[in-house]
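A.B. asks: The opening position of the sequence shown corresponds to residue 2 in the numbering used here, with each subsequent residue numbered one higher.
Simulated from the structure, these hints should not be mistaken for laboratory data. Some clues are possibly wrong.
[As the list claims (entries may be wrong)] In silico SDA-like cross-links for lysine to any residue, where the CA-CA straight-line distance does not exceed 20 Å: (1) Lys109 x Leu64; (2) Lys248 x Gly196; (3) Lys248 x Lys95; (4) Lys109 x Arg180; (5) Lys189 x Asp146; (6) Lys109 x Gln154; (7) Lys95 x Asp141; (8) Lys20 x Gly196; (9) Lys69 x Gly16; (10) Lys248 x Glu238; (11) Lys59 x Asp15; (12) Lys109 x Lys95; (13) Lys120 x Lys20; (14) Lys120 x Arg91; (15) Lys109 x Glu192; (16) Lys109 x Lys69; (17) Lys209 x Asp141; (18) Lys69 x Arg115; (19) Lys189 x Thr172; (20) Lys20 x Leu3; (21) Lys85 x Gln124; (22) Lys20 x Ala255; (23) Lys266 x Tyr241; (24) Lys95 x Pro136; (25) Lys151 x Gln185; (26) Lys59 x Phe39; (27) Lys189 x Gly235; (28) Lys120 x Gly194; (29) Lys248 x Ser278; (30) Lys20 x Gln154; (31) Lys189 x Cys125; (32) Lys209 x Glu267; (33) Lys209 x Val19; (34) Lys266 x Gln124; (35) Lys248 x Ser282; (36) Lys59 x Leu94; (37) Lys109 x Asp141; (38) Lys248 x His259; (39) Lys189 x Lys209.
None of these values were measured; they are calculated from a predicted model.
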Amino acid sequence: MLAKRIIPCLDVKDGRVVKGVSFLNLRDAGDPVQNARFYDEQGADELIFLDITASHEKRNIILDVVRKTAEDVFMPLTVGGGIKTLDDIRDLLKAGCDKVSINTSAVKDPYFVRRAAEKFGSQCIVVAIDAKRVPGTQFDATGEDWFDEKDLQEVCLRMPPRNPFTWAISTHGGRTMKRIDAVQWARKMEELGAGEFMLTSMDKDGTKNGYDIELTREISEAVSIPVIASGGAGTLEHLYDALAEGKADAVLAASIFHYREYTVKEAKEYLRAKGISVRLS
2 MLAKRIIPCL DVKDGRVVKG VSFLNLRDAG DPVQNARFYD EQGADELIFL
52 DITASHEKRN IILDVVRKTA EDVFMPLTVG GGIKTLDDIR DLLKAGCDKV
102 SINTSAVKDP YFVRRAAEKF GSQCIVVAID AKRVPGTQFD ATGEDWFDEK
152 DLQEVCLRMP PRNPFTWAIS THGGRTMKRI DAVQWARKME ELGAGEFMLT
202 SMDKDGTKNG YDIELTREIS EAVSIPVIAS GGAGTLEHLY DALAEGKADA
252 VLAASIFHYR EYTVKEAKEY LRAKGISVRL S
């Protein structure tokens with residue numbers, strides 16, 4: 002059995018780690034390299050940087066962060082945020098990251114994922130899926146340019162939804178809904194070359210009430226590539242639920258580790274005691 006992974010996540014803006022709620026009221030939370038070193042010492046399996054500046058003009062800042070981090074720590078590093086071109090991916094990989102996380106660019110052009118996987122290999126292409134339960138949502142009426150494309154019709158969400166446990170894709174931090182079935186989207190992204198998913202429940206994100214287990218399990222069972230559960234971690238039990246009941250391959254958490262509510266080591270010891278295979282140094 003493959004070991005389950007524990008992955009802290011850091012939001013990076015202008016070269017600094019920031020914390021806030023829904024990207025509002027951001028405050029400085031330290032140097033990203035120092036934070037990465039701390040998590041490396043704690044035994045984290047991987048680390049994710051989300052570049053929330055995400056603009057071409059400031060791309061060199063995150064590249065510098067990645068270079069310095071890669072020199073200091075040896076756990077795998079994933080970077081997401083503002084990745085729009087193959088050159089963006091190339092620059093990040095050359096700077097020292099192991100994987101890149103793609104979200105909006107995949108929604109705008111699903112075949113971008115295929116081109117990226119063909120050029121750099123599926124193993125370094127993570128597709129981020131921000132999913133939200135369908136009832137009560139407002140959809141982007143226009144869709145994307147590819148919306149009526151024959152080969153992509155299966156990902157278009159049928160209305161009314163197929164059952165109460167249907168999720169649609171959201172963008173812009175959950176503020177814009179796309180008429181895309183999240184489960185079918187995951188299947189299509191795997192077909193086009195994604196090597197892993199970072200699955201965030203926008204309903205649960207920031208609540209600290211636990212991951213969306215139904216969503217996590219449904220997508221984990223629909224695909225054969227690894228799924229990282231994200232959004233809602235508040236206790237160590239939540240991590241266990243996502244791995245055991247949600248069938249995720251990894252769990253991502255931010256606040257519970259960043260504010261030292263729990264250490265990565267404590268999380269792993271708890272999971273091992275509950276019968277989950279994890280790497281413990």
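A.B. asks: CA of Lys109 to CA of Lys69, is that 20 Å or under?
C.D. replies: Cα-Cα ~32 Å, so violated.
A.B. asks: Starting from Lys248, check that the Cα of His259 is at most 20 Å away, please.
C.D. replies: Roughly 25 Å separates the two Cα atoms, so the pair is violated.
A.B. asks: Would the pair Lys248 and Ser278 pass a check requiring their Cα atoms to be no farther apart than 20 Å?
C.D. replies: Given that 20 Å is the threshold and the Cα spacing comes to 13 Å, the pair holds.
A.B. asks: Within a Cα-Cα threshold of 20 Å, do Lys20 and Leu3 meet the stated pairing?
C.D. replies: Violated - the C-alpha atoms of Leu3 and Lys20 are around 32 Å apart, more than 20 Å.
A.B. asks: Decide if the proposed pair is consistent with the structure: Lys59 and Asp15, CA atoms, cutoff 20 Å inclusive.
C.D. replies: holds (7 Å)
A.B. asks: Just to be careful, I want the Cα atoms of Lys248 and Lys95 compared with a cutoff of 20 Å; is the pair within it?
C.D. replies: Answer violated: Lys248 to Lys95 is near 33 Å, above 20 Å.
A.B. asks: Straight-line Cα separation of Lys209 and Glu267 no greater than 20 Å?
C.D. replies: holds (18 Å)
A.B. asks: Can you confirm whether the C-alpha distance between Lys20 and Gln154 stays at or below 20 Å?
C.D. replies: violated (38 Å)
A.B. asks: What's the verdict on Lys109 and Lys95, does the C-alpha distance respect the 20 Å limit or exceed it?
C.D. replies: violated (25 Å)
A.B. asks: Mind checking the alpha carbons of Lys189 and Gly235 for me, to see if they're no more than 20 Å apart?
C.D. replies: violated (31 Å)
A.B. asks: Under the criterion that the straight-line Cα-Cα distance not exceed 20 Å, is the pair Lys95, Pro136 satisfied?
C.D. replies: Distance ~43 Å between Lys95 and Pro136 Cα, so the pair is violated.
A.B. asks: Straight-line Cα separation of Lys109 and Leu64 no greater than 20 Å?
C.D. replies: violated (24 Å)
In this structure, the earlier hints numbered 1, 3, 7, 8, 12, 13, 16, 17, 18, 20, 24, 26, 27, 30, 34, 35, 38, 39 are contradicted, and the remaining ones agree with it.
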